[in-house]
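Residue numbers (full-length UniProt numbering), protein chains in the order written: chain H, 1 to 138; chain Y, 1 to 138.
The hints are simulated quantities; they were obtained by calculation from the structure and are not laboratory data. You can trust all of the hints, since none of them are fake.
Distance ranges between label pairs, derived from CB positions:
1. H/K111 - Y/V65: 46 to 54 Å
2. Y/V65 - H/V46: 34 to 42 Å
3. Y/F21 - H/E129: 26 to 34 Å
4. H/I95 - Y/E102: 44 to 52 Å
5. H/N18 - Y/K34: 56 to 64 Å
Derived DSS-like pairs: lysine-lysine, alpha-carbon spacing no greater than 25 Å straight-line:
6. H/K4 - Y/K4
7. Y/K77 - H/K4
8. H/K77 - Y/K77
9. Y/K111 - Y/K22
10. Y/K4 - H/K77
11. H/K108 - H/K22
Partial list, derived from the structure: chain Y residues whose beta carbon lies under 8 Å from chain H:
12. K4
13. V7
14. Q71
15. I89
Here the structure is a predicted model, which means the values were calculated and not measured. We put the beta carbon where it would ideally sit given N, CA and C, even for glycine.
Number of protein chains: 2
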Amino acid sequence: MGNKISVTVDSVVFCKVNNTFKVLLIQRKNEPFKDMWALPGGFVEVGEDLETAAKRELLEETGVVVQSMEQVQAFGKPGRDPRGHTISIAFLSRIFNEEELEPSDDAKDAKWMEIEKLPDEKLAFDHDEIINVAQQFL
Amino acid sequence: MGNKISVTVDSVVFCKVNNTFKVLLIQRKNEPFKDMWALPGGFVEVGEDLETAAKRELLEETGVVVQSMEQVQAFGKPGRDPRGHTISIAFLSRIFNEEELEPSDDAKDAKWMEIEKLPDEKLAFDHDEIINVAQQFL
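Bound conformation, chain H alone (with noise of 0.2 Å):
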């Protein structure tokens, strides 16, 4: 059985400060994308469920701990990914302060983005259009 797909998880995290909403961004220390924006998340471990996977690679990468995620959509696109098809599964977490951020593992900064100036970076993978479906649950 199998299949050469991979499945990775990606977190958006907002918070909301002063009436404004931000999202936890990685800038990614490793290829692809290396040194783009990106939301924090990689790939599922065999044997782990797809919400821990998410929960770990956001604290790996951002020292940020969340209690509870929903699950947005899976993004499955051929070509999204260029080391291959890989499927991603996205999860979103309301926290209501700007923690601190202590990047580490994959990711060589981490930080707090308002969602309006968004436009202005264009972000890994499809993590643009991931954090515009994410949006929509706001």
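Assemble the complex: chain H is given as a structure, and chain Y must be docked to it using the hints.
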């Protein structure tokens, strides 16, 4: 790159006849869950779009053609497939007629099942749960 997680799609096709909702089920020709009833679905091919895969599997197993589907969500709980860690992206489609079915490929039979009679029938995998979640879209 890569992990040993497999990706499938499953389709929840509802039709409404005389104020009764029915869901399309197939009887599995092969293990696991051989002979049990299940949602039409199967493995996504490398390079294939998720919705395209869902329509292809639906056609192969039941003869039913649908124009569009909407995504329900991904189901990825470890243990949901005895063959190994398998993540299924569920899709939903509503059709207006109880179309004639032509079971083929991995399906030895197919039928329209009244939703309210579903509890009498233990379905393969976590397909009961998938149908429950999809019903929230009705």
